[in-house]
Each structure stands twice: as structure tokens, then as C-alpha cells.
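Colleague: Chains as they are written, first to last, in the working numbering: chain V, 1 to 101; chain G, 102 to 914; chain D, 915 to 1337; chain X, 1338 to 1841.
One should not assume that every hint holds.
Straight-line C-alpha distance at most 20 Å; calculated EDC-like pairs for lysine to aspartate or glutamate [stated by the list, open to error]:
#1 V/K100 to X/D1789
#2 V/K88 to X/E1444
#3 V/K88 to D/E993
#4 G/K844 to X/D1789
#5 V/K88 to X/E1531
#6 V/K100 to X/E1531
#7 G/K270 to G/D510
#8 X/K1720 to X/D1789
No lab work stands behind these hints, which were simulated from the structure alone. The structure displayed is predicted, hence computed values, not measured ones.
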Amino acid sequence: MVVQTESFVMLSIVLFVLGAMGVLLRRNAIMVFMSIELMLNAANLALVAFARYWGNETGQLFVFFVITVAAAEVAVGLALIVAIFRSKRSINIDELHEMKG
Amino acid sequence: MAYYPQLVSLIILIPAIGAFINIFWGARLGEKWVGTVATVASALAFVIAVLLFVYLEGSGYEAVVINPPIFDGWIQIPAGEVVIPWQQRVDTLSSTMMLIITGIGTLIHVYSISYMHGDARFHRYFAYLNMFLAFMLVLVTANNFLMMFVGWEGVGLCSFLLIGFWFDKAHGVGWRNTMAANKAMLLNRIGDFGVVMSVLIMFWTFGTTDYFRPAEIVNVHLAEEAAHAAEAAHSEEGAVAAEGEAANKPGDVVLAQEGEGEGAAAEEAHGEEHSTPGVVYVNNDHIETDQLGVFGQAERFLDEGRVIDIGPVQLPFSTWLTIMTLFLVLGVTGKSAQIPLFTWLPDAMAGPTPASALIHAATMVTAGVYIMVRSNVLFYYAPVTSFVVAMIGALTALVAGFIAMGQWDIKRVLAYSTVSQLGFMVAAVGIGAYAAAIFHLVTHAFFKALLFLGSGSVIHAMEHGHHHAHSHGHGHDDEHHGDDHHDAHEEEFDPQDMRNMGGLRRKMPLTFITYLFGTLALAGIFPFAGFWSKDEILADSWVAGFDNNNLAGYIVFIILLMAAAFTAFYMWRQIVLVFFGKPRTEAAEHAPESSRLITIPLVILGFFSLGIGFMNTPSYVLGLDNIFGAHLFTDRLEYSVSKAHASEFNLLIALGATALAVAAMFLANNIYRRSAIIEARRDPLEMLPTTAPFWSLANARMYWDAFYSRVFARPFTRIAYFLSDVVDWRFLHDYFHDVVIWKGFNAAAQGLSKPVDLGVIDGAVNGVGRVFGWLSSQLRQIQTGYVRTYALSLLVGVVLVILVILLPLLQRG
Amino acid sequence: MTEVWLFIIAGALAVAAAVMMLLSENAVHSALFLIVTMVCIALLFLMLDSPFLAMIQITVYAGAIMVLFLFVIMLLGAEKLGTADPGPEKSRFRWFTPVALSLALALLFSIGLVTIQGNIDAQEPPVADPTVRVVNVSNSGPVDVYVGSLLLADDLAFGQSTSFASVPVGEYTVSVRPASGGETTAVFDAVAAESTNIVAHGPADEAPGIALFLQDMRPLANEGDGRITIFNAKADSTNVAVVETDTYNTADGSYSFVRVQNLAFGFTSILELPNGDVSWRFLNDGDGEQIIAELFDEELRRDSSNLIVLADEVLPAGTVRTLPLVVTAPTAAQFGSPRAIGYSLFTEFLLPFQVLGLLLLAAMVGVIVLTQREIKPVKKIQQRRKVSRPLTSVITAQVGQEVTEDAPRLNAPATAGEAEPVK
Amino acid sequence: MLQLPSLETLNMGAALPAISIAAWACILLLIDLWIPKDRKILTVYLAAGNLVFAFIANLLVFNQSGDSFMGMYVADQFSGVMNLIIIGTALLSIVLSFDYLKRVGIERGEYYVLVLFVTAGAMFMAAANDLILIFVALELLSIPLYVLSAFRAPDIRSEEAGMKYFLLGAFASAFLVFGGAMVYGATGTTNLNEIAASAGMIIASNSSTSLFLLLGAALLLVGLGFKVAAVPFHEWTPDVYEGAPTPVTAFMSVAAKLGGFGSLLRILVVGMSAVTMTAGEPAVWQNVVAILAGLTMIVGNIVALSQANIKRMLAYSSIANAGYILMAVAAAGSPGLANEATRGALVYMLAYMFTNMGAFAVVIAVERANGGADLEHFVGLGKARPMLAIMMVVFMMSLTGIPLTGGFIGKALVFATTLNAGLVWLAIIGVLTSVVSAYYYVRVIVNMFLRDAEASTEEATPGYSTGVQWVAAVALGGTVLLGVLPTLITVLTDRVSLVASITP
């Protein structure tokens, strides 16, 4: 264990926060979505690092599940984006404010 | 075999399911399926009843109590730790009732399929019938008074629904039906008040409403063993004494009786043994009082001479018991149509005839008798109540029999006859002849159901005949029958008026024969069923009066004898008016025989009216007891009715009563053969100056209804009018409602709704409201509608949560 | 040290690509940067001993998912959407970016603080308990075996063995008690994550001897191989050689393939062989290659660790027979290998795995529901134009928007006469 | 060699209700292909039949306390009661949906399949004993709900609802995953029982790893708080509820909450109840949950005051109700109160289920009759449809928490356990906000009865469907029954106990 677990976790935290910033700052729905994927990736990195630290596979399995769930989410999310685009011709999330208050 | 008694929960469930199906899907199923579902449900219940009966036969009549799985701990009062279980009891009494209810019920279902054909509410009718069966079975299988009361109220409801079934008939008939239903409901409520009071008193006194508690039930078994042992000892003894009757009944348990034929020594021996075979009290000594049911505790209390402390007064338990049972009797007079609450039953004939046959003749109205016999222990120890009961019963029998002689409506005659016969049963209970009462209940159920169904057949035929006679010419298609279709275009004709009938015996031979059977049974002619049961009541009252020197016995015997004569008279009058002579109207001329679905139940019931009496043949009668066995029914009944006893045949009474009946029939025959008077729509008795006042009295139903309406109903209505008009309408509505509530509320609502109108509360009622309104409008600014701000708020939450949760740990270092 | 450098390079690249993804105006560029980040993360996975996940990360994530993203971006022509147009609401949310940035920093700070405070590497990494099992080849009847106070084997007959039981780390006294009475003890040190065999051996008339030796249950060098440990428990102090039957040369009566030579009493020899059948002879090394025992077509299973104990069994007739007793146990899977993950998936995590399947199905249904639209009368026009319409307008019809370079991308009303997007 | 676990080891029978729904959803998806578009009622019957089967199966396995799928799925009393409520919700909402879908013209068999998926997801969540399963089941709950929200597809409000829900939901689930990673990092396991064991050890040894554990707990709280719409993770709720098709709103306002609270209770009570500063003190997370509960009640109730759309008003009301349930969750953090609080929460959820489904049934009926669900559309309802109006009165009363309704019983239990836990300030907030809530609930009643309708609403009101009637009637029955005979339910919940079953 030359590189410490902590380093991996720190890296993952940085990536996670970057992803969160992406969600907050980008207006393109696809971009927001990609930022969320980045957050999930960061969580995966932390999980794998912890899995090596603990020496059991649970963390890796968690990652496996997260990746697959992300695939499902991506499919539905992109379908939603396409559907919205058909109706509104825009995927700018700032234009989605029919309902408020 | 061991699982048979568990079926008793199904016996309720199956008709209930049938009712459920017909209520919800009946309209879609169509007549065929509705009838099938209902009849199959009823028939399945009958099969279960038979299985239970077979089980009881096989298990030595040992009572079984079943806790159906779903209602365990039906009512729980948490503080008092009182649990009223939904327990069902299978013993000889309830088994008898189940057989009658489901058996006759099934026949009536079959009959109804044809009778109700074409009715707009066909499915509803069958749903009600099934519902009635379910509730009636709840009533008779209950093991506590509260559950019994559930059934009691349920059958009352079904009765109400069925009496008012044709509430929308044309020409005011519907209104009359509705009123009849209301009347039944109201009078029964008065009775129900008595039942509720009685049950409450029981509960307060004993802490339970169970008939018997589980501990006792185990004991029944033990008691039976003891009885067997005692029997063995006794039969040896009896053989030596050459006096015992045990030898007559090989293989049967010897039952203790207070018969007149026994020697003093034997009586002494029996005295102790007396209650052993049925229920148990002897062996219950080791049981704690609170482990006993109502009856066991009552006996124990009597033994102990307990004093009941009801606050200001202290009553001996026997007095308390009298009060308790008197309240119960009030309920009985309601449900079983006894004086003073009997006037609803004749009106109840407004319902469909099969329903009348089932509910208002064979089963529901006997619930009062059933519950009195069920609580025979209480009545046994309450002589005052018993006397009252005997008087009520005898008087009812006489009065109703008298009224029946002056009626023209075929069903009304039968209705009063039912009241009268119920009076016989109640009187029998009053003199302690519990077995005879139940026996009469059973036989009466068969022949009265038969008579009602027969009258239904006649009425049906009359309607057809009338219809046929009038539809010549305008070619009305024949598919529409069923009662309410005819009313649309027919006015004056009353198919139930016996004056319109006559000569039907040739038109409807099968109906005639079966009707004749029913009449003979009701009149008590040998060997029909009524003969045996009526004779047993008479013999018992003779014994009670002349042997045991009981005042009630004398009175009951004499009155019942008269009532029996009345019975024979009015029944033969009916036969003559309906079936003999010549047809008096076109309708009678064209009356056809009814369809097979109607006649088959008639034949079956006719057969039973003839034969069912033999199940309780007394000993030493024409050798019949060698064929059918003696006291079979009573013997079985004694396992559940501990104070029941078999009575002995008294040839003199039997002959006398029969002779009286035959004489009355002859009299009736002679009087009513004069058809000319009847064609003038008058009664021959009306023409004779000596009998005219009596006849008018009978025809006017002895002014009972008029009396009630003048004394109770009218003042009540006046008060009600006063209350509704002056107090409610003028004061409450006009002033209180309009001014105080309406205007005040309006003002308040104005105050409230104005801000609502504006959407945001700015003209708010008070400062707090304004503050919240302001807060609300400010806070909703957060909800911008932009996803990114939502995400931002989520992130704020994240940071907040992390900081709050980590704060203590970070402080710790 | 290379590993540290690798981490620094891959990590820096991942962060840099992530930042670029955030800042890039063009969505396609962003997607490509995200792919770079993901590949870097896959590299880090490899460093963290999870080759399987690294592979999945590249194929599923960087491959399939990102291709989907790119496809949708290109399909919608949405490369620059959401960046070009600030919109009239912009002024209202002027506060937004600084607040968001500071919040993200607060988040970074608080989680980072936790990580540094948490100091996970200072903790002792947890280790597995030692495990121990017993093989009885002593002829003194059934034995009870205690490890410390733990009854490990009860009435263990000749030739039987227990499975591995775990015990806490520490020093134990092993005590073997034959049914006939007496006791033999030995002391051993239970080391974490090691598996120890206890072999009771000896002739009928003596108290059983105890042999203790480690068995390596750790992953094999080549996954799919099997491992064989041969232990000589023949008390008659003969050295044993193991040869393969297949290579017996009838001409000169010699074996050309000798697996083990000169295995003395109480010694072990460990072999790792590809799985398959083995047919071996055990020869008395000192005594003219006399065959003392034989294994014929013994199956060597994948990923298993086989212990072969050579022991003398005293037959009722009094003769002594040498028996090769084979005891098999699975080896530990390689950490992070597909086998390890698959094993967990199909045992402990079977339910989540199934739910995952449902989830994918639900997602498919969802996609169909969201994107399937009923075809409205537009069809007629399409048919007429089918022949001569250029590809761009086909795409336009599908997308409902001009996608050619020269047309304005945003807020372009659909050209009149073109197929209307279905509302 | 891979050794697959045998069926006995898996003990699948215990998980039968959830599994049957999941499996049938897959089969129904295929069957639906053969059902013509005008006979979709058949799909409804098939789906409802499956739910009824699962309901019965759940009753059958109710008392079976056991682990299924090698400790992944816990079939205990808690999941038994939760399953009953969840299946009931699904059943009622399916009955509600059919007529609505037909009217709006979005009648598709997939709808019911998706509802079944959500139902299975919620059931798995409530019974999950592992963070991984919780995550996967949460997604199984969420992804179909995203689709269902956007089910009225070309309608821009519905699509917007789906999009908002999706983006924020995915964002929140990223936090959930990260939280799971942190918990795993601290304990080395994702199994709740083992987490409980090692959490106890970590706290006892005063190890700094507890920071990871708490961070993980906080992030899990965020992920699940989003699902149950706790402030400040609630902002999606009103928009999504308003935009989604109304039966979906009804369904998701209960089902998503049930799943979320099921998992939340399991994670916090089973996994983390030992996370205390010193033994015998309330768990560390109690403060956070209590603050969230307070915020949720305040914001939910106050913002609801100024809503004109009933759907939106009910959305805020559902936020507020989440606050009351969170109050019980907070109380569960006090030592020895976990079971009492759990039972209170269960009863509250059941009451809320009945009441809310009933209220939405009325809203659907009004939408159909008057063309919208604004407060204005309820004007004069008392005269035009007295039964409907009276039912609505009962539901509103139950939501307010007036005695003899289920809402009162739920609130009473929750307040009692909060007071027992010593969170007096929280209980006071709860009572005060209840008083505030009376204002907007009563406003509906005022509108129905005390304001005269204009002539236009009287005319041409198509009747409401039998399905809606049934749901409203059942909900009314449930609400009143629960209010009058609470013992019927407490008999079920009395034995619920959430404790970590394995100790090391």
C-alpha cells in the first residue's frame, strides 16, 4: 500500500464537489446530468479505495451496482431530455419553470 | 369427524358470501345466476347443518364451542380485561334450529326463484334472504348474549328490508308496505330495548354474557360420563323396582324426568341427577365463579343466596333475576309478536310471501321462543316471570286466534294464526315445558311455512287468473309476471281476498292437497305433526296445573284448548272459502296450477307436515313408539336444555282436543258452505245477531291497532309535530338556525372567505394570521421554479446536516 | 515510488479533466473530458487491485454510457445549449454563482476535514482470523481434538477430517485424546490469516503423534489452477518420491517425470498444477522404487487446495497399508477478480442483483414510454417528400430543429411546410 | 467452483409478497402486449389481482420473522406492516388511475407495470438490511416514478415535473451513494446489523473513524430525506406533485415516502442507534433529524397557507406530514424509545395513506367534474355533490388531526413519543404548526360549503367513476375506522420492533 487510502478518498472528494458544482452551475440539462455522473464516479473511487483498505469485496460490489444503476438512470434521463426537447425545443433547465411558488 | 364442528363458522360465512355476491354483482349476474348462487349458498349451509347434526349424533350430543379464527376476542374492553369472544355453540338446540333454518330456507329459496321471477329487484331479494340466513344462524349459534343480539338485530334488519321490499308499489300500496316495515321496526325496537337492558344487567351482574364458559364445556363431557355411570347403576336399580322406563330405551341415556309415573324413591334419585345429562351444574362446583357462564353463575348465586347491591337498594338475587328475565321477555314480545307488541306481524305480510313464510312464520319470529328456551335456567328460577310469560302466551294465542276468525285476507289469517301459535310456544315456556315449546316450534315451522307457501301459490295463481281474464283483447304478452308488474294497469282487484276465491281445489289440486295437509297439521288432527306438538303442550299444561297445582297451568290449559278450537275453525273456514264451492270471480276461474319450482317445496313440506311429529312420539301410544322411538327429540334436547323434560301422553286430553278441533271444523264447514252470503262479500257470522258483535270485533282486530294508534301513535305524532313545527322549525330553524347559526356563520365565513378570495391573506382577521400569511408568501419565494435553485437548497441542506451531525464530534476533537 | 507518481499523474489528470468539463462551453467537449476523467479513474481502480471494475469502468461507463451521451447531444444539436443564452432571468440570479461556489467550497472543506481528521490509514487494517482443521490418520481409534478449550473434533475416526474453523489469534495448546485414553499435546501459535493443519498420526499401539503445518489458502498464482500439499505421515521413516504414472517407461522401468523426491517423514511439499486429473505413484525413495501407494485419476479441481496425507493404516489382519488421504478445500479468490465479485453476486448479493435486473427492465419500459409517440397525420407530407429530401431535413424532421451549420440553432421556428414536431 | 445458495438457504418464502409483485410486473409487461388498447381494464385487473395476492401472501408470512436472501431482506413485523401499507397504496392508486388515464388519453399498460415496479421497490426498501439493496431498491422506486411523473408526455407541465424530479433525484442519490461509501469506509461492511456492531465498537473505542461514520449517516439522511421530501430537500415536491398526473401524485406522495421512511428507520434505528457520544444518551443523529423535522413542519405548513391549487396545497401538506413522521424518527434516537417511535410512525403512515389517497380521490373527481383542482373548483361542492364534499371534510379533518379520525391517532402517538424522548420544543412546534395547518384545511371546507357556486359549475358535470368512488369510500372507512378503533391497527404494530439482530 504505497499510496494511502486517504489520498484516494481526498481525490474522490474533490471530484465529487466538482460534480456538485457542475450540477449547480450548468444550465444545459445534459451537462447537469454528466456532472451527476461525475459525482457517482467520485463515490465509486472512494468505495474502491475503502474496499482495498478493508480487504473485502463489498465495496467493489457496491461500485458494480452503482455503475449499472447509473446506466439505467442515464437511459431514462436521456429519454426524458429527448422528450422535453421535442416539446420545448430546449434543454435549458432554466426554461423549465412553468410551476413555482 | 373431529373437525366437523369447525364447520359452524362456515355456515354463517357461506350465506354471507352469497349475500355479498348478490348485492354487488347481482344486477349483472341475471336471475338465473342470482337464484343459483343464493340457493346454493343456502343448500350448502343446510349440508353443513346436517353434517353438524351427524356429528352430534356421533359424539353423544356433547356440546361444542368453536372459536372461529378471525373473530377471536371480538370485543375487548382494555381496562376491565373483559373479552367477549365470537364463539359459536353447536349443541342439540342450536343444531335443531340450524336444520330448520337452512332446510326450510333452502326450500323457500327454490320456491322464490319462481315466485319472484321478473321482479325488478330480484337480486336484492335473494341477497336479503341470504343475509337473513346468515344473521339467523349467528343468532342461533351464538354462545353469548351479545353475539346473539348481533344476530337478533341483523334478522330484524332483514325483516324490515323484506317487509318494505315493494316500497314503490303503485296506488299507495308501496306506502302501506313502507309503513308496515316501519311499524315492525319500531315495535321491535321497543323489544330490543328490553333485550339490551337484560344483556346489560347480565353483564353487570355476572361479568360475562357467555351462555357457558369453556371450562364448563369440558365439564359437559365429564357430566355425560357420570351420567352414563349413573345410568348403569340406575338401570339395575330400575330393573329391580320394575318401575323405571329405562328399559324402553336401550342404548339411550336415561334421562331424569319429573314424570308422574315414578315412585318417590326413584324421584329422589333422579332429583340429584336431574341436571347432569344436559349441562353440568353438579360438577361445576370446583369451578371458580368467574369461570362460569351466565347460567352457571345464576345457579351458583341462587345457591349462595347472593344479594345484589344496586346502590340505593339491595335485592335478593331471585328478584334481580326476575327483573332481568322480564326485560328479556319484553324483547321476546317484540320479536315473537306477543301481546302487547304483536300488531306488527300481521302487517308484515306486506312483504313477498316466501319471505313471510321464512321470516315471519318459520324462523325469525321464533327467535324469542328460542332465546327463552336457551335461557331456560333463568326462567326456571324466576317463577314470577314464568307466570307472566305463560299469561302473555296464552292470551296471545287466544286473542290472535279470535282475530283470525274474522279476517278475509288469506295471508292475514295465516299471520294471526302464526301469532296464535307463537302464543302456544310462549305459554309452553311459561309453564316450564321447554321441550314442548321447541317441539312445537319445529313442527310449526314446517306446516306454517307450507301454508304460507301454499297461500303464495294461491295468490300467484289468482293474479295469473285475473291477468288472464283481463288480458283477453289487448294481447298483453305473458312474460311479465311478478307482483309489481300487475299493479301498473290493475286497480281494484285484491288477489289475497278470500272472497274472490273459491273452488280452487280443482284448479290447483297439488296446492290444495298440500294446503289441506298443512291445515290438518295446524288444527292438530292425528297423525299430523301439529297433533303431537300441540298435544304435548296441552299435556304439559295439564300436568303443571292439575298435578303440580300451578295456577298458570290451569289457565294455560283452558285458554289453549279454546285457542286450539279457534285454530281448527279459522283454518277450515279458510279451506272452505279458498278451495271449496264454486269460483266466485273470473280470476279464480282462470287460476292455473303453479310451476314446478313452487309445487316441489310444497310437496316436500307437506310430507314433513305429515311426518315430522313422529320424531317426538310419546311412549305408550298405539305402539308408535316402537316404530319411531319415544321422546327422541326431547332426549336430545335435554343435552342442551337442562330444564327440559319429556311429558307423557294423556289419551283423554288428546282425544278431547281432537274432538274439539273436529267439531270446530265441522261447524266451520257448515257455516261457510253457504256461498251466497259470501258472494255478497259478507260473512255468515256477521248475519247472525248473536255472533255479529263478536265477528265485528274479530274483523276489527279487536281494535288493538286502533287503540295503539289512538293511545300511543297519535299523541306521539302530536308531540312530534309540536316539536318539529314549533320547536324545530319555528324556533330552531327560523330563529336559531337562520339568525344565530346561519347569519353568524355567514358573517364568520365572510370574514374567513374574503382573504381566501384574494388568494393571499392581506386583509387578515388577526395579527397572527397576517404574520403567517406574510411568512407564507415570503417562504414561497424560495420555490422559484428553477431546478438549479432547488439543487442549491439541497446543497444547503447537505452542508447543514453535515455540520450539525459532526458538531459534537468536532468539538470532542 | 512509481505507484505514487502514477497516482499523482492520474489524479491530477482526472481533476483537470473534470474542471475542464465544468468550464467547457461545448457539451461535446465536456463529454470528452468526462471520458478522460473516467479513464483516469479506471486507472486508479487498477492501482486499487480491482481489475474487473477497471474493465467495467472503461467499457460500460466510458464506453457505453458516454457514447449514449454523445449520441443524444449530437441528436439534439445541443452542444452549446444552455450556455449561449443567459436569458432575462439572469439578473435575478446574480447572487447564484457566488453562493453556489461558496457552498461547494464549504462542502469540500467539511468533507475534507473529516477525511483528514478521520486519518483512516493510521488505523490497523483489519485482518482475518486464523483458521485450523484436524486430520486424523492415527490408528489408535477415534480421537477428540481440543484447541485450547475449543472442542474442534469429536470422535474423529481414522481418515476423517474437519473443515476449517476460525479461532482468535493467540497461542494454543492442541490436545489429542484418543477414545482409548491418554492425551498428546502440542503448542502452536495461531497467526492471523493463516490456515493450520493438525494431523494426528501413529500406529495402533501408541499414543497419537501430532504434526502441525500451515496450509496456504491464499490465492493461487494462476487463477484456475489447483494447489496440492503433500504431507508425509508415514511413521516408518521412509522417504517418499512422487512420480507420474503416465510417464512410466516400461523399457527401463523408470519414471521420467518425478514430482517430488525424498519427502521425509513430517515434511510437506507444495505444488501448483493446472486443473485436470492426476495419476500418481508414491515410491519408497530409499528402497528401490517400491510402490507404496497410488492415486489414479484423482481430479484436481480449479481453485482448490488439496492436502494429500500419506499415512499407514493398520488393517484388521495386522498388515499395514499406506493410504494417500486427499482433503480438499477452496482457495481464497484473488481480491477484486471477476470470480470474487461473481461469487458474492450469486450468494450474498443475489437479491440486489435481481432487483438490479428489475431496475434495468423498468428503465427500458420508461424509455419506451417516454419516447414513443403516436404518429399523427404528418405522415402524408413525409411520404410525398421522401424521395428527394436531403438527409439534413430528415434529421430536422426527427429533431424538430434545424441542425445544419448555417441555420440558427436556437429558438428557430420550424420552417413552414416542414414537418411540425409532434406536440 | 461456484456454489449457488439453495432455495432453503435463500428462504424466499419470507420475501414472497415483494417477489411476487416484481415477478408479476415482468410477466404483465409481456401479457400487456396482447391486450388491445380498448381493453386495458384487463391489465388493471391483472395488476390489482397481483397486489391482492401479495397482500394475502403478506398476511400469511406476516408473523414469520426471518431473514431472506442471506440476510439481505428482513421479513419482520416492521416490513410486514410496511408491506401492508405499501400494497394498500398501490391498490388504491391503481383503482384511481384507470378512469383518469382513459379520460386524459394516456391509457397504456406500461403505467400499471411501472406502478408495480415502484411498489416492489418500496417494499424492498422497507425490508432491506443492506445499504446496497437500499440503494438499488431506492432506484427501483425512483426511476419508474420519474417516468410516471412525465407520463402525460406531450403535456409540458408533466414533462417538466419528470425532468425536475429526475435531475434532483439523481443529484440526491449521488449523495446517498457517497454516504454509503463513507459508512462502508468506516465500518467495512454494508450490512446494517454489522454496521451496528462495528459502529458500537468505533464509538466505544473513540476512534476518529467515527467521523466517517457520521458523515456517511448525514449523506444517507440527505438521500432519503430527499425521497421523503424533508425541508430543505423538499423543493421538488410541489412542482412535481402539481405537474404529474393526479393519480401518480397520489401514489407517489405516499409510496415514495413509505419507502424512504422504511429505509430511514432501518438505517438509523437498526444500523446507527448505537452511535452516541456516551452510552445511554440519544443517538448523535437525533439533533439533525429533529431540526429537519421542525423545519419541515414549519415550512410545509406555512407555505401551504398561500396555495390556491389543491394539488399543490396537498403537496405542501405532504411535506408537513413528512415532518410529523420525521418527529417520530427523531424520537427513535432516544435509547429505549426506538420501538415506540417506530410504531407511532407506522400508525401515522397508515393514517396518512388512507387520508391522502382519499383526498386525492376527491381531487380527481373534482378535476373531472369541474376541469381543474384549484380552490375555486371546490366552491359549491357541498351542494352539488354532498357525499364527495363530506368525504373531503373527513379527510381534511384527519389531515388536521381532529379526534375520531386516523390523523388524530397518528398525531397523538407521534407527539406522545416525541415528548417521551424529551424533545419538548419539537412537540411544541408540531402542535403549533398543526394549528396553522387547520387554517388551510378548513379553507377547503369553507369553500365547499359556505360559498355559493356560480351557475357555471352546476351544469354538465360528468359523474365520477366507480373506481374513484370505491377508493374514496375505502379511504373514508379506513380513516374513520382507524380513528374510532385504533386498536385494530395497534394490534398489528404492537409487536413491531427494530433492533439489530446480530451482535458480534
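Colleague: Each hint: holds or not?
Modeller: Each hint tested on the structure:
The suggested pairing of V/K100 with X/D1789 is violated, with an alpha-carbon distance near 29 Å, which exceeds 20 Å. Annotation: proposed proximity of V/K88 to X/E1444 is violated, straight-line Cα distance about 23 Å (limit 20 Å). For the proposed pair V/K88 and D/E993, the alpha carbon gap of about 17 Å is at most 20 Å, so the pair holds. With a C-alpha separation of about 15 Å, the suggested pair G/K844 and X/D1789 falls inside the 20 Å cut-off, and the hint holds.
Using a Cα cut-off of 20 Å, the hinted pair V/K88 and X/E1531 is violated, with the two alpha carbons roughly 49 Å apart. A hinted pair counts as satisfied when its Cα atoms are at most 20 Å apart, and V/K100 with X/E1531 does not qualify at roughly 44 Å. At most 20 Å may separate the alpha-carbon atoms for a hinted pair to count; G/K270 and G/D510 meet this at roughly 19 Å. Of the supplied pair hints, the one linking X/K1720 and X/D1789 holds, its CA atoms being roughly 8 Å apart against a limit of 20 Å.
In this structure, the hints that do not hold are numbers 1, 2, 5, 6, in rising order.
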